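Work the whole structure out from these sequences, hints included.
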Amino acid sequence: MVRRNVRRSVAAVAALALIAVACGDGDADEPEVDDTDASEEEAEDDAADDAIEDGDEQAAGIPGCEVDTLNLIEEGNLTVGTGDPVFPPWMLDDDPAGGEGFENGLVYELAAELGFDDDDVVWVGQTFEEAIAPGTKPYDFAIQQISVTEDRQEIVDFSMVYYQPDKALLALPDSPVVGATTLEELVDANWGATIGTTDLDYIENIIGADGVAVFDDQATTFQALLGGNIDATVVAFPTALFATAVQIPEADIVASLPADPNDTGHGLLFEQGNPLVDCIDQGLERIIARGVVDDLVSEYLIGDADVVEITG
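The numbering of the sequence shown is this note's numbering, which starts it at 59 and goes up by one.
Some hints here could point you the wrong way.
Each pair of labels, with its calculated beta carbon distance range [said to hold, decoys possible]: (1) Gly286 <-> Gly119: 50 to 56 Å; (2) Asp352 <-> Asn320: 23 to 29 Å; (3) Asn129 <-> Gly156: 24 to 30 Å; (4) Gly370 <-> Pro234: 31 to 37 Å; (5) Thr278 <-> Gln330: 27 to 33 Å; (6) Asp232 <-> Glu124: 55 to 61 Å; (7) Ile253 <-> Glu124: 38 to 44 Å; (8) Thr240 <-> Val272: 22 to 28 Å; (9) Gly331 <-> Gly370: 37 to 43 Å.
None of these hints come from the bench; they were simulated from the model.
All values derive from a computational prediction rather than experimental measurement.
All C-beta atoms in this analysis are idealised placements derived from N, C-alpha and C, irrespective of residue type, glycine included.
In structure tokens:
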């Protein structure tokens, strides 16, 4: 049995449901401008650069992507689609506007980078199936642990990938998958997963299981696991951490799983042809470069755990 020490703490993730994360604004010194050596335009550019370098959370804005020039669903507002309900650790307290969680924390940082105030961010609830379906979208982009895949890219557009979680094998202690060290040993289990997800794709295409039970949402999938209707499911590792610590403590993270080559990671989802993608990518590049995404991952998604690693 192969084991690896993965930086994920169940206790730390569980604590996120009980405590609020305090977020303070950084202080940035006002840049000194020598009027004899710099034009007003150069001074403004220097001020924006210094604000970013000093950690000022107030957005300097992105040239060519000013708020009043963006092609938005609602002028002056950044409309964001997400789940209804939403789940920890991706968003806490079923409250996207609360800003507590990895995904809504990322959105508010991105919005500030683009020049929006927090009050300018509007949330729209939807099902996961609605998010990944083709057609007109009632939002500028969606965030809902949506993996970028070739099939989805044929009907919707994506931003750059901002995070790639591992996959986790989730089961009860008496499940027949416990003790497995290869994917081959998992094939004959009674599987279940949420419809439309890459978790379902993983079970069918990577593990190679047939007859997978499909459920409308993650909560129903977990209920089926607790009720013994399925032997196991596959979810993103951060989801598994919170689930086993808070939602379904009767279950265990049985193993980490090999990467799916068809799943390149999480991206923001847009209606196909949306011209907003380029400006959003520029914003993501900036906050990633400043370490914002790494900080959010450390805050909400990882810790310490010793788990079996299935490699193939």
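Against the structure, the hints come out as follows:
1. In this structure the supplied range 50 to 56 Å holds for Gly286 paired with Gly119, their Cβ-Cβ distance being about 54 Å.
2. Distance hint check for Asp352 and Asn320: the Cβ-Cβ separation is about 25 Å, which falls inside the suggested range of 23 to 29 Å.
3. The supplied range of 24 to 30 Å is met by Asn129 and Gly156, whose beta-carbon atoms lie about 28 Å from each other.
4. Taking the beta carbon of each, Gly370 and Pro234 are about 19 Å apart, not inside 31 to 37 Å as hinted.
5. Thr278 and Gln330 have their C-beta atoms about 29 Å apart, which keeps the hinted 27 to 33 Å range intact.
6. About 58 Å separates the C-beta atoms of Asp232 and Glu124, a value consistent with the hinted range of 55 to 61 Å.
7. In this structure, Ile253 and Glu124 meet the distance hint of 38 to 44 Å, their C-beta atoms being roughly 40 Å apart.
8. Taken as a hint, the range 22 to 28 Å holds for the pair Thr240 and Val272, whose Cβ atoms sit roughly 25 Å apart.
9. Separated by about 39 Å at the C-beta atoms, Gly331 and Gly370 satisfy the suggested range of 37 to 43 Å.
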